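Make a model of the complete structure from these sequences and hints.
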Amino acid sequence: MPVAVTLPEPWSRSRLSVVVPTYNEAENLPVLVEQVLALPLPELRLVVVDDNSPDGTGELADKLAAAYPGRITVVHRTAKDGLGRAYVAGMTRALADGAEFVAQMDADLSHPPFYLPQLLGTMLSTNAGVVIGSRYVAGGSLSQEWGLRRRLLSTWANAYVKAILAMPLRDITSGFKVWRRSALEAIDLPSIHSSGYSFQVEMHFRAYRRGQKIVEIPIHFEDRAEGHSKMDLAVQVESALRPFLLLRHERARSRHRT
Numbered sequence: 148m149p150v151a152v153t154l155p156e157p158w159s160r161s162r163l164s165v166v167v168p169t170y171n172e173a174e175n176l177p178v179l180v181e182q183v184l185a186l187p188l189p190e191l192r193l194v195v196v197d198d199n200s201p202d203g204t205g206e207l208a209d210k211l212a213a214a215y216p217g218r219i220t221v222v223h224r225t226a227k228d229g230l231g232r233a234y235v236a237g238m239t240r241a242l243a244d245g246a247e248f249v250a251q252m253d254a255d256l257s258h259p260p261f262y263l264p265q266l267l268g269t270m271l272s273t274n275a276g277v278v279i280g281s282r283y284v285a286g287g288s289l290s291q292e293w294g295l296r297r298r299l300l301s302t303w304a305n306a307y308v309k310a311i312l313a314m315p316l317r318d319i320t321s322g323f324k325v326w327r328r329s330a331l332e333a334i335d336l337p338s339i340h341s342s343g344y345s346f347q348v349e350m351h352f353r354a355y356r357r358g359q360k361i362v363e364i365p366i367h368f369e370d371r372a373e374g375h376s377k378m379d380l381a382v383q384v385e386s387a388l389r390p391f392l393l394l395r396h397e398r399a400r401s402r403h404r405t
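Numbered per the numbering used here, the sequence shown spans residues 148 to 405.
What you were told as hints is all true, and nothing was included just to trick you.
Quick list of the computed label-pair ranges, beta carbon to beta carbon:
1) 286 / 201: 34 to 40 Å
2) 396 / 302: 22 to 28 Å
3) 174 / 149: 18 to 24 Å
Quick caveat, the hints were computed from the structure, so don't treat them as lab data.
Note that the structure is predicted; figures quoted are calculated from it, not measured.
Note that the Cβ used here is the ideal one computed from N, Cα and C, for glycine as well.
Pasting the structure below:
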């Protein structure tokens with residue numbers, strides 16, 4: 148496994164909270180926790196948001212929090228209510244606990260944790276509001292285990308959203324990124340509408356339209372280690388419709404401001 152970059156002080160002591168939503172990730176969570184908390188970021192905290200996983204992920208998260216006192220917060224939700232709502236809950240908790248920077252990543256080990264210091268360092272060196280771990284900028288790549296269908300679907304989804312929303316980003320659907328506190332405050336987290344994977348698009352769109360500086364850096368995207376994808380038909384339908392709703396909402400917002 149590649150070694151994480153070591154940031155100079157005071158950058159390495161930035162108050163970074165990493166938000167990780169979970170649903171049936173009991174096999175992956177202990178590995179992710181070990182890798183994230185081993186990073187050379189002593190002030191890093193982990194916020195696990197569990198949607199009442201039937202496989203006991205929530206209870207396991209509580210045990211891990213007890214094993215790493217002060218470094219893990221567990222947010223228990225009573226039902227599976229969508230990825231977007233879980234992220235909003237975790238990010239809200241991270242900000243309330245004083246985070247300066249908030250990262251988001253999947254629990255399935257598809258987002259290698261060793262990129263986190265690089266994402267944070269890029270944010271601090273460029274004064275960006277958002278730094279995205281991108282599969283589609285130069286140097287980015289996808290797991291060889293991704294078949295042609297998944298590659299085409301991902302490429303098409305990015306092209307589809309870019310065509311509708313006119314955002315100058317290469318990986319609009321990426322779920323691996325770091326946010327500056329002020330950027331999250333600017334986009335008004337409590338009013339985010341998306342519940343599924345379109346949450347990523349809505350967050351990027353709001354940041355872009357509110358003038359936040361967005362930087363993409365290349366990452367290698369791994370296939371999930373264990374378990375199954377949560378991308379069902381309802382999520383796919385929401386993801387297809389959401390760009391049009393975002394555009395309509397933004398136009399209404401602009402008219403209201405004028």
